[in-house]
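For the sequence shown, this note's numbering gives the first residue as 1, with consecutive numbering after it.
Just so you know, the hints here were simulated from the structure itself, not pulled from any lab data.
Ideal placement from N, C-alpha and C gives every residue a C-beta, glycine not left out.
Among these hints, one or two may not hold up.
[What the hints assert, rightly or not] Restricting the straight-line Cα-Cα distance to at most 30 angstroms, the calculated cross-link-like pairs of lysine-lysine (DSSO-like) are:
1) Lys126 to Lys162
2) Lys194 to Lys136
3) Lys214 to Lys91
4) Lys438 to Lys510
5) Lys559 to Lys570
6) Lys77 to Lys194
7) Lys452 to Lys492
8) Lys338 to Lys392
9) Lys149 to Lys322
10) Lys160 to Lys140
11) Lys452 to Lys510
[As the list claims (entries may be wrong)] Distance ranges between label pairs, derived from CB positions:
12) Gly448 to Asp302: 20 to 30 angstroms
13) Asp302 to Lys559: 16 to 26 angstroms
14) Thr449 to Val574: 26 to 36 angstroms
15) Ile128 to Lys77: 28 to 38 angstroms
16) Glu381 to Val574: 52 to 62 angstroms
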Amino acid sequence: QKLLEEKNLMERANKCYEMMHEDFRRLELRNQIHQKTSKDLDKQQREYFLNQQIRTIQEELGGGPESDVEDLIAKAKKKTWSPEVEEHFQKEISRLQRQNPNSPDYNVQRNYLDFFTDLPWETYTKDIFDIAKAEKILDKAHFGLEDIKKRILEHMAVLKLKNNMKSPILLLVGPPGVGKTSLGKSIADALGRKYVRLSLGGLHDESEIRGHRKTYIGAMAGRILQSIKKSGTSNPVIVLDEMDKIGQGLHGDPSSALLEVLDPEQNKSFYDNFLEMGYDLSKVMFIATANSLSTIQTPLLDRTEIIQIAGYTLEEKIEIAKRHLIKKQQDENGLDSKSFKLGNAELKHIIEAHTSESGVRTLEKRIASIARWVALQTALEKKYDSKISVEKVDEILGVPRPKSLSEITGVPGVVTGLAWTSVGGDILFIESILSNGKGALTMTGNLGTVMKESATIALEYIKAKHDELGISQEDIEKHNIHVHVPEGATPKDGPSAGIAMLTSMVSSFKNKKVKPHLAMTGEITLRGKVLPVGGIKEKLLAATRAGIKDVILCEANRKDVEEIKKDYLKNLNVHYVNRMEEVIDIAIEK
Numbered sequence: 001q002k003l004l005e006e007k008n009l010m011e012r013a014n015k016c017y018e019m020m021h022e023d024f025r026r027l028e029l030r031n032q033i034h035q036k037t038s039k040d041l042d043k044q045q046r047e048y049f050l051n052q053q054i055r056t057i058q059e060e061l062g063g064g065p066e067s068d069v070e071d072l073i074a075k076a077k078k079k080t081w082s083p084e085v086e087e088h089f090q091k092e093i094s095r096l097q098r099q100n101p102n103s104p105d106y107n108v109q110r111n112y113l114d115f116f117t118d119l120p121w122e123t124y125t126k127d128i129f130d131i132a133k134a135e136k137i138l139d140k141a142h143f144g145l146e147d148i149k150k151r152i153l154e155h156m157a158v159l160k161l162k163n164n165m166k167s168p169i170l171l172l173v174g175p176p177g178v179g180k181t182s183l184g185k186s187i188a189d190a191l192g193r194k195y196v197r198l199s200l201g202g203l204h205d206e207s208e209i210r211g212h213r214k215t216y217i218g219a220m221a222g223r224i225l226q227s228i229k230k231s232g233t234s235n236p237v238i239v240l241d242e243m244d245k246i247g248q249g250l251h252g253d254p255s256s257a258l259l260e261v262l263d264p265e266q267n268k269s270f271y272d273n274f275l276e277m278g279y280d281l282s283k284v285m286f287i288a289t290a291n292s293l294s295t296i297q298t299p300l301l302d303r304t305e306i307i308q309i310a311g312y313t314l315e316e317k318i319e320i321a322k323r324h325l326i327k328k329q330q331d332e333n334g335l336d337s338k339s340f341k342l343g344n345a346e347l348k349h350i351i352e353a354h355t356s357e358s359g360v361r362t363l364e365k366r367i368a369s370i371a372r373w374v375a376l377q378t379a380l381e382k383k384y385d386s387k388i389s390v391e392k393v394d395e396i397l398g399v400p401r402p403k404s405l406s407e408i409t410g411v412p413g414v415v416t417g418l419a420w421t422s423v424g425g426d427i428l429f430i431e432s433i434l435s436n437g438k439g440a441l442t443m444t445g446n447l448g449t450v451m452k453e454s455a456t457i458a459l460e461y462i463k464a465k466h467d468e469l470g471i472s473q474e475d476i477e478k479h480n481i482h483v484h485v486p487e488g489a490t491p492k493d494g495p496s497a498g499i500a501m502l503t504s505m506v507s508s509f510k511n512k513k514v515k516p517h518l519a520m521t522g523e524i525t526l527r528g529k530v531l532p533v534g535g536i537k538e539k540l541l542a543a544t545r546a547g548i549k550d551v552i553l554c555e556a557n558r559k560d561v562e563e564i565k566k567d568y569l570k571n572l573n574v575h576y577v578n579r580m581e582e583v584i585d586i587a588i589e590k
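Please model the entire structure based on the sequences and the hints provided.
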């Protein structure tokens, strides 16, 4: 109409051109949409056709989605599980049947049901109740460790009588190399159960214990349920190794997740985020290991039965080497039992001159070095004496370490103390020296707060009791005293060096030496009372290794010493005291 009303031919032509151009653009756009739609439809039809072909081929081979469901249902029929678990499985299998096999959710659901049906649920290993046989198995695999063996045999006896009890949750605490982890395998053998080891060292994510929710990509169950699946039974022995090395990260605290695992009142229905329902862990026997209790949460300690495993004595180490270590290294290095022999004297020399530990790990390394030397001589067809002498031991292992560290205490102000660390007992030296000044106290050696407080208490006690101790007021006021604990790079803390610090200061003020080959451990109070400390067995073993002959302990620690076998202390004279005056009287040379 507008074109017809236009009288100017040029304007009419321009408007006609614009309208035709607009119509061409619409037509071009319509063609593009049509082509794209046709292309998408062709692609969808092609994918549908290919998927149908794949489905047909899978059905012919017996591996289609229907086959997946049938396999899962067949596995489920072989399971003995509760009505609650059965109901949950039926609900999840129905969800799988409704899903498109080509969707990502299908594979997630399929993996979940695979794990669900692989769990042992109500499957249990039958316990062996032959207590005499179990005792032989434990004795054959491990020398000593009487407390833990007794506890396992007691558990077996109760289980035999009751036949239905919650498994104990044991925490074995001791220095490295004393057999804590390997003991778990022996306990499993003695009970006739499956054995799984789970290392907790460096764990810093709660999901490692509880698992991830299955909605996440790559989600999987926690390590507890994975261990159960791996064992194929719901009552294995699970060793939770290095519990004291658990970390804490941004994704929760694994120690808190373990609270439910190790609580006999709660672990009957342990909830894993991936499984989405409770699993009964009450029949699982958990054995945790640690070098120290200081880094383990108190609620976690409350849920466990703590068994302290002390280091081995010289005689025990010799016996372990003869029974286990030499044979093991001969086998590992391709040697027979006659290839080399180590007598008691040679083993004693290796232990005293080439090792300094509570366990036997370094001892095994030294025996391995000798075995490799023998293997080399055998391979080169060189003649050698199969009875390895002490001289040959030093030739193979190198220069022996100094026999006794206690010799450096022969000057006033130097006292040998006894320490207890995560790697066992050890000796340490407390040094003090006087210098002109105004009675100031300086402390060095990377000391913790408690040790610094012990030094302060010791000096204040000397100031208060200087007349009784035979020290003049003038000496105290006109001298500064410096207390140092060597190995300054190593952090040190704890109250057990209290009596050693006080003895060191008195020795410096009186300029009298402390008796040689004497060590001490105990806490002090401002009133001069000596208090008991822990780790007595480890400390006494360390004293024996260092050549100490006399040890001063608190009277309250007598019960700890009486629990130790007399053979361990045959070269050690223990003095029991209640007050610091008694310590000074015994320690300072007249």
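Against the structure, the hints:
no., hint, verdict
1, Lys126 to Lys162, "holds, 14 angstroms"
2, Lys194 to Lys136, "holds, 19 angstroms"
3, Lys214 to Lys91, "holds, 16 angstroms"
4, Lys438 to Lys510, "holds, 18 angstroms"
5, Lys559 to Lys570, "holds, 17 angstroms"
6, Lys77 to Lys194, "holds, 24 angstroms"
7, Lys452 to Lys492, "holds, 10 angstroms"
8, Lys338 to Lys392, "holds, 17 angstroms"
9, Lys149 to Lys322, "holds, 21 angstroms"
10, Lys160 to Lys140, "holds, 23 angstroms"
11, Lys452 to Lys510, "holds, 22 angstroms"
12, Gly448 to Asp302: 20 to 30 angstroms, "holds, 26 angstroms"
13, Asp302 to Lys559: 16 to 26 angstroms, "holds, 24 angstroms"
14, Thr449 to Val574: 26 to 36 angstroms, "holds, 30 angstroms"
15, Ile128 to Lys77: 28 to 38 angstroms, "holds, 30 angstroms"
16, Glu381 to Val574: 52 to 62 angstroms, "holds, 54 angstroms"
Of the numbered hints listed earlier, not one is contradicted by the structure.
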